[in-house]
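Q: Build out the structure end to end from the sequences listed, making use of the hints.
Note that the protein sequences, when read in sequence, are chains A and B.
When you read off a place in the first sequence, starting at 1, and then add 6, the result is the number in my numbering.
When you read off a place in the second sequence, starting at 1, and then add 6, the result is the number in my numbering.
Don't take every hint at face value.
It does not matter which identical chain is used: a pair holds within one copy or between any two.
[As the list claims (entries may be wrong)] Mimicking PhoX-like on lysine-lysine, the simulated pairs with C-alpha atoms at most 25 Å apart in a straight line are:
hint: 1; residue 1: 43; residue 2: 20
hint: 2; residue 1: 370; residue 2: 121
hint: 3; residue 1: 43; residue 2: 276
hint: 4; residue 1: 43; residue 2: 228
hint: 5; residue 1: 115; residue 2: 276
hint: 6; residue 1: 220; residue 2: 43
hint: 7; residue 1: 8; residue 2: 82
hint: 8; residue 1: 212; residue 2: 43
hint: 9; residue 1: 83; residue 2: 152
What the hints contain is simulated information worked out from the structure, not anything from laboratory work.
A quick note: this is a predicted structure, and the numbers were derived from the prediction, not measured.
There are 2 protein chains.
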Amino acid sequence: MKKQNYSELISLKKKVGLLGSVSELLGWDQEVNMPPKAAEIRAQEQGVVAELHHQLFIDPKIGKLIKNAKKEKLTKKELANLNEIEYDYKKAKKIPSDLVVAFAHTSAKALEVWKEAREKNDFNSFTPWLNKTVKLNKKYAKIINKKRDPFEVVFEDYEKGINVKEVDVLFNKFKEEIVPLIEKITSIKKIKNNLSKKKIPVDKQKEISLYVAKLIGYDFSKGRLDESTHPFTSCYGRITTRYNEGWISAILSTIHEAGHGMYEHNLPIKHYGTPLGQSRSLSIHESQSRYYENHIGRSKEFWKKILNKVKKTYDINISLDEMYKLINIVEPSFIRVEADELTYSLHIILRYELEKDLINNRIKINEIPKIWNAKMKKYLGIVPKSDSVGCLQDVHWAMGGLGYFPTYTLGSMIAAQLNYKMKSEIPNYNKKIEKGDFKEINLWLNKNIHSLGCQYSTQELIKKATGEKLNVKYYINYLTEKFTKLYNL
Amino acid sequence: MKKQNYSELISLKKKVGLLGSVSELLGWDQEVNMPPKAAEIRAQEQGVVAELHHQLFIDPKIGKLIKNAKKEKLTKKELANLNEIEYDYKKAKKIPSDLVVAFAHTSAKALEVWKEAREKNDFNSFTPWLNKTVKLNKKYAKIINKKRDPFEVVFEDYEKGINVKEVDVLFNKFKEEIVPLIEKITSIKKIKNNLSKKKIPVDKQKEISLYVAKLIGYDFSKGRLDESTHPFTSCYGRITTRYNEGWISAILSTIHEAGHGMYEHNLPIKHYGTPLGQSRSLSIHESQSRYYENHIGRSKEFWKKILNKVKKTYDINISLDEMYKLINIVEPSFIRVEADELTYSLHIILRYELEKDLINNRIKINEIPKIWNAKMKKYLGIVPKSDSVGCLQDVHWAMGGLGYFPTYTLGSMIAAQLNYKMKSEIPNYNKKIEKGDFKEINLWLNKNIHSLGCQYSTQELIKKATGEKLNVKYYINYLTEKFTKLYNL
Numbered sequence: 007m008k009k010q011n012y013s014e015l016i017s018l019k020k021k022v023g024l025l026g027s028v029s030e031l032l033g034w035d036q037e038v039n040m041p042p043k044a045a046e047i048r049a050q051e052q053g054v055v056a057e058l059h060h061q062l063f064i065d066p067k068i069g070k071l072i073k074n075a076k077k078e079k080l081t082k083k084e085l086a087n088l089n090e091i092e093y094d095y096k097k098a099k100k101i102p103s104d105l106v107v108a109f110a111h112t113s114a115k116a117l118e119v120w121k122e123a124r125e126k127n128d129f130n131s132f133t134p135w136l137n138k139t140v141k142l143n144k145k146y147a148k149i150i151n152k153k154r155d156p157f158e159v160v161f162e163d164y165e166k167g168i169n170v171k172e173v174d175v176l177f178n179k180f181k182e183e184i185v186p187l188i189e190k191i192t193s194i195k196k197i198k199n200n201l202s203k204k205k206i207p208v209d210k211q212k213e214i215s216l217y218v219a220k221l222i223g224y225d226f227s228k229g230r231l232d233e234s235t236h237p238f239t240s241c242y243g244r245i246t247t248r249y250n251e252g253w254i255s256a257i258l259s260t261i262h263e264a265g266h267g268m269y270e271h272n273l274p275i276k277h278y279g280t281p282l283g284q285s286r287s288l289s290i291h292e293s294q295s296r297y298y299e300n301h302i303g304r305s306k307e308f309w310k311k312i313l314n315k316v317k318k319t320y321d322i323n324i325s326l327d328e329m330y331k332l333i334n335i336v337e338p339s340f341i342r343v344e345a346d347e348l349t350y351s352l353h354i355i356l357r358y359e360l361e362k363d364l365i366n367n368r369i370k371i372n373e374i375p376k377i378w379n380a381k382m383k384k385y386l387g388i389v390p391k392s393d394s395v396g397c398l399q400d401v402h403w404a405m406g407g408l409g410y411f412p413t414y415t416l417g418s419m420i421a422a423q424l425n426y427k428m429k430s431e432i433p434n435y436n437k438k439i440e441k442g443d444f445k446e447i448n449l450w451l452n453k454n455i456h457s458l459g460c461q462y463s464t465q466e467l468i469k470k471a472t473g474e475k476l477n478v479k480y481y482i483n484y485l486t487e488k489f490t491k492l493y494n495l
Numbered sequence: 007m008k009k010q011n012y013s014e015l016i017s018l019k020k021k022v023g024l025l026g027s028v029s030e031l032l033g034w035d036q037e038v039n040m041p042p043k044a045a046e047i048r049a050q051e052q053g054v055v056a057e058l059h060h061q062l063f064i065d066p067k068i069g070k071l072i073k074n075a076k077k078e079k080l081t082k083k084e085l086a087n088l089n090e091i092e093y094d095y096k097k098a099k100k101i102p103s104d105l106v107v108a109f110a111h112t113s114a115k116a117l118e119v120w121k122e123a124r125e126k127n128d129f130n131s132f133t134p135w136l137n138k139t140v141k142l143n144k145k146y147a148k149i150i151n152k153k154r155d156p157f158e159v160v161f162e163d164y165e166k167g168i169n170v171k172e173v174d175v176l177f178n179k180f181k182e183e184i185v186p187l188i189e190k191i192t193s194i195k196k197i198k199n200n201l202s203k204k205k206i207p208v209d210k211q212k213e214i215s216l217y218v219a220k221l222i223g224y225d226f227s228k229g230r231l232d233e234s235t236h237p238f239t240s241c242y243g244r245i246t247t248r249y250n251e252g253w254i255s256a257i258l259s260t261i262h263e264a265g266h267g268m269y270e271h272n273l274p275i276k277h278y279g280t281p282l283g284q285s286r287s288l289s290i291h292e293s294q295s296r297y298y299e300n301h302i303g304r305s306k307e308f309w310k311k312i313l314n315k316v317k318k319t320y321d322i323n324i325s326l327d328e329m330y331k332l333i334n335i336v337e338p339s340f341i342r343v344e345a346d347e348l349t350y351s352l353h354i355i356l357r358y359e360l361e362k363d364l365i366n367n368r369i370k371i372n373e374i375p376k377i378w379n380a381k382m383k384k385y386l387g388i389v390p391k392s393d394s395v396g397c398l399q400d401v402h403w404a405m406g407g408l409g410y411f412p413t414y415t416l417g418s419m420i421a422a423q424l425n426y427k428m429k430s431e432i433p434n435y436n437k438k439i440e441k442g443d444f445k446e447i448n449l450w451l452n453k454n455i456h457s458l459g460c461q462y463s464t465q466e467l468i469k470k471a472t473g474e475k476l477n478v479k480y481y482i483n484y485l486t487e488k489f490t491k492l493y494n495l
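A: Right under this line is the structure:
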């Protein structure tokens, strides 16, 4: 009775959260199951749910309850929940509905134009739509806070616990150290191995994907594994992978998504729908998938455990050392999603620098191809042979999302820092991975990340887990050590 | 502009309908895909969607728009739509929310108790909950219309286009003719064939299910076929079947559900969410599934088309005549869902008579087992060896649904009447089935049933399609002719 406003607020927010998860199911089903001619109804269903979700989200009742709940005697956790709810509510309240509509219409059209532009390698046809997208982002930033750097504002939609100045420092330091490392490696003769191109039947691949997901601790009583065009995690931790991009890619995608999925599964269900039951941020989410993908899925220890089963199931022959080299080949390439572990983050930094300059009017839309190619040359030593495999390759900007990219690399950085800490805290860490024993690793992540939801800010969460704020040295040291050894530098 | 109220009403109703179809997806996913530990969240999601659906359904705005739309110059079709909307709205408005809650709570608990009672063959433990259920149905009927026979009121929730007096006449006539026919058949030595018990691998069964669904015209660009514990159709005509009850049952279930699915697929999509875009009634829906299941799926012509493929795929050997006999064996049995085509409807009539007497206080709850068994003896010549396979076998009453059962048999009756009409209108009807050419049949059903949604009442629809109201003679004649020939009576 004492915290009546808080309780009422939470029960309202749970409804909003549940309606959000209904929308997730509509989306999941669309990607995984939906027959093509059901698309029209599905779009209408999504529209109705989105409208109701928005109405509930900005219901003035929530504003009143927030105000009154502040006067109640709340625990620290409850207060954290309240603050998160207030942040979301106040921001949502500022956004005029015509801007929401403009974003939806523009991104729908921009997506269409972008697809054709990429296909035809015609950046010019995309420029008016990218221009509209950037303008809408600027307008949005101004409405939210006209005094701040607009990139800071849009970036906060994806990661509000690390500020842009911090990101600049992290990314610059990373470039400084890793660009020379890549140069050194690319000057060496390349490892050639065509085994990764071998076609493996889907049912065999599925068998291995299920095996590795289960092995690392993904809980199939809460989630499931399906196939989709692009791997993703949604709907209370359901994961998808794809089998048509090669068997190594399929395994790594499964492990990556299982990392996301386990985070979702371990969020405290009693807080489902409220910030305490939600993932902290995109960077933290990505840290979970990258941790499993890179520190487990690309480690020699893990492959020591799974290689025999993979070899037998896929009828291939390769030694552990060769396999380890194969999944860790460094080779600068044009396409971000196909990049290796070492070069990947430079693809991200390039995009981050460009989108920041774009929204701040430091560069013009039509300069993008030139600048893109110059940065590719500078960071990776190669120049895309066309814009299709250059500045037109990603969907993010076409969808209206400026400021999303950096969360991928922030995730990798956090992952490396978590990995470093776990190594020091969990006895026989490598041995346990070799044995496929992930119990302690999962408990550690659950305790230090998953179970905490949005109780702490991103930086607080990292500090509580590892003893310090996000520090790029762990990522740099990990990469340097690993690839120096691998390439005998 | 002239019909502004009508237009606004329709757009509101579409929202309500779309939210209903969202709830269908939640349910479909639960049966087909959902991992067990996602159940808790799913129940909460369903709760939120149901609550919003109900709020929108009885929004006073709808009442006002109905009133104003009546003054607008509407077409006949629009008027039909308006009348259906008004009927639903007025009824929903009458139901107090505490009754809805009581129904939900009682059926949840009753379901649990029923499951255990059935397992332990303990009817007494179920009586208090069946009692509550019957009482709630009476209370509901009184609220809707205290002057009418309460069974008429609850029956209208499932079929409002055929009245109970008509059903009585149809069912009594049916009993009169068919009970003696069954007696005659059961006095003859039984056909024995163990081939139906052969275990066929699921992937082979799935192959045949996909084949027959496609053959009869089920559109996989709109729907899909999955596996579930109980076969059902939902979510814009998606169908399920089951493979663990024998290969014949799987094929017939698939055909049955495909009949439902094609109805859903052919409803006019531009009216989706409003009565003009909705199926007419449960009886009409069931007429579509029973038409395909009985008049196609159990016909010699159809098996002439598919038998070779089935034999090859399942590695079995059987002649067409033997196969036709096998799928049409008449054998009185205890379980409704396993009953053959001839005895099935007597299971239904038994239940119909019981539930009608129950709600009208003509019998007491504790008399059910006795009356059940006496009717089984009278109609089918057998007495269940326990209540588990007698009056405790079905979920319907436990779920609170009195008045649902008769729609199954009404569906079979309508199907026979449609079949008779099609035979006379479609040239070379039997030959076309033999060839697997369902184009004209599907066009006929589409034109006369599917595309009309709720434009006409059930009886009007039947009359428009066949030239007369529902007449049981077509069903009786069809069964008599078929089984007299089959059993050389």
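Q: With reference to the structure, classify each hint as holding or not holding.
A: Against the structure, the hints:
1. In this assembly of identical chains, residue 43 and residue 20 lie within 25 Å of each other by CA distance solely across copies; the values are 19 Å between and 33 Å within a copy.
2. Proximity of residue 370 to residue 121 under the C-alpha cut-off of 25 Å is restricted to the intra-copy arrangement: shortest distance 21 Å within a copy versus 69 Å between copies.
3. Only between protomers do residue 43 and residue 276 lie at most 25 Å apart by alpha-carbon distance; the minimum there is 14 Å, versus 38 Å within a single protomer.
4. Within a single copy, residue 43 and residue 228 get their C-alpha atoms only as close as 30 Å, which misses the 25 Å cut-off; across copies the closest is 5 Å, which meets it.
5. Proximity of residue 115 and residue 276 under a CA criterion of 25 Å is satisfied inter-copy only: 23 Å between copies versus 40 Å inside one chain copy.
6. In this assembly of identical chains, residue 220 and residue 43 lie within 25 Å of each other by CA distance solely across copies; the values are 16 Å between and 35 Å within a copy.
7. In this homomeric assembly, residue 8 and residue 82 come within 25 Å of each other (Cα to Cα) only inside a single copy, at 16 Å, whereas the closest approach across copies is 59 Å.
8. For a Cα distance limit of 25 Å, the shortest separation of residue 212 from residue 43 across copies, 22 Å, qualifies, whereas the shortest one inside one copy, 27 Å, does not.
9. With identical chains, the CA atoms of residue 83 and residue 152 are never at most 25 Å apart, being 31 Å at best within one copy and 53 Å at best between copies.
Hint 9 from the list above is the single one not met by this structure.
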